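Chemist: Residue 1 is where the sequence shown starts when you use full-length UniProt numbering, and the numbers rise one by one after that.
One or more hints might be untrue.
Below, computed lysine-lysine pairings styled on DSS-like, alpha-carbon distance capped at 30 angstroms [what the hints assert, rightly or not]: (1) 285 <-> 34; (2) 215 <-> 228; (3) 285 <-> 89; (4) 350 <-> 179.
Treat the hints as calculated values from the structure; they're not laboratory data.
Since the model is a prediction, treat every value here as computed from it, not as a measurement.
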Amino acid sequence: MKTVEFERPQMQSGTSCVANAWARVPANPGPEEKAALKARIKRLLQEKQAVLVAHYYVDADLQDLAEETGGCVSDSLEMARFGRDHPAKTLVVAGVKFMGETAKILSPDKTILMPDLDATCSLDLGCPADEFAAFCDQHPDRTVVVYANTSAAVKARADWMVTSSIGLQIVEHLHAQGKKILWAPDKHLGGYIQKKTGADMLLWQGSCLVHDEFKGIELELLRKEHPKAKILVHPESPEAVVAQADVVGSTSQLIAAAQSLDADEFIVATDNGILHKMRMAAPGKRFIDAPTAGNSATCKSCAHCPWMAMNGLENLARVLETGANEIHVDPEIGRKAYVCIDRMLDFAAKAKANVRPSGDLAKEQQLFSGVGPA
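Using the sequences provided together with the hints, build the complete structure.
Modeler: Have a look at this one:
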């Protein structure tokens, strides 16, 4: 089967959005101020009967604070599932907006707060709901499968939502049924899954700002400098990078690989916020950022999401004190979006798949048929 590509134009405002995001990144507080902010947040979480959930890509202080206060640090789906199942009535999401929306969809009766409501995602920005709906209308014969990194309105139009940990299995299932797929928004993840499954996939041409900057040629050069290093790659990366991977997988799967593989060095092609958790999981091992398009002002992300970086201790404390930055999802859109999320969860349960990370590398790797030496 061939991949049919939809030529999605570049975001016209992409560069300015990135610049605005970096301009909004909170300053790093000094040691005394940081300690005071952490103590204040811990007190507020107790007073407000709230729980903090954080993504692997946010600041290390926020990750630590989430775990220290009984919250969780995980990928976007597990963040939402944790929040849904936790008895707290208020859930504070340290991440980007689609994560807050997903949490609200799964927990419509809970209050969902975020440190900064303008923290978004290039995949979300690159897939406007109205344009996506028109695209779907042009291809009514296709099953619509969307990645988690999309707005609630886009999910409301989808038949299935997937995460990077189970997307391959779901597309394999649909392909076996003879379904043709309309995929959005990440072209690299979609291309990876299409290559592994042979499914007929029409790809929306979105990409992650961070992962799209990893370069195959520079990675080859870095590997020559570190010939014993294992290469860990998130499938949102370009094909030339994925082709060199020892392990391809979701954030949770890459952490499990870092912990379990018999290697002292790893080159990591995903947002460098994950390195905090990798170093905790595998102390004594060395982790090296995969090369991007450049350094400092010459690259857009330098392997770190500017919108994830907008989450900080100060704005976290502020929303807990004021109740500002609450996530709202239109109830009708939420109900429609819930269907595609619930369908994925039901599939995972029936397939006995691990959407939640198990810590067992062998089991995690089964979720990607191409995992292993490339």
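Chemist: Each hint: holds or not?
Modeler: Status of each hint after checking the structure:
no. : hint        : result
1   : 285 <-> 34  : holds, 28 angstroms
2   : 215 <-> 228 : holds, 20 angstroms
3   : 285 <-> 89  : violated, 39 angstroms
4   : 350 <-> 179 : holds, 20 angstroms
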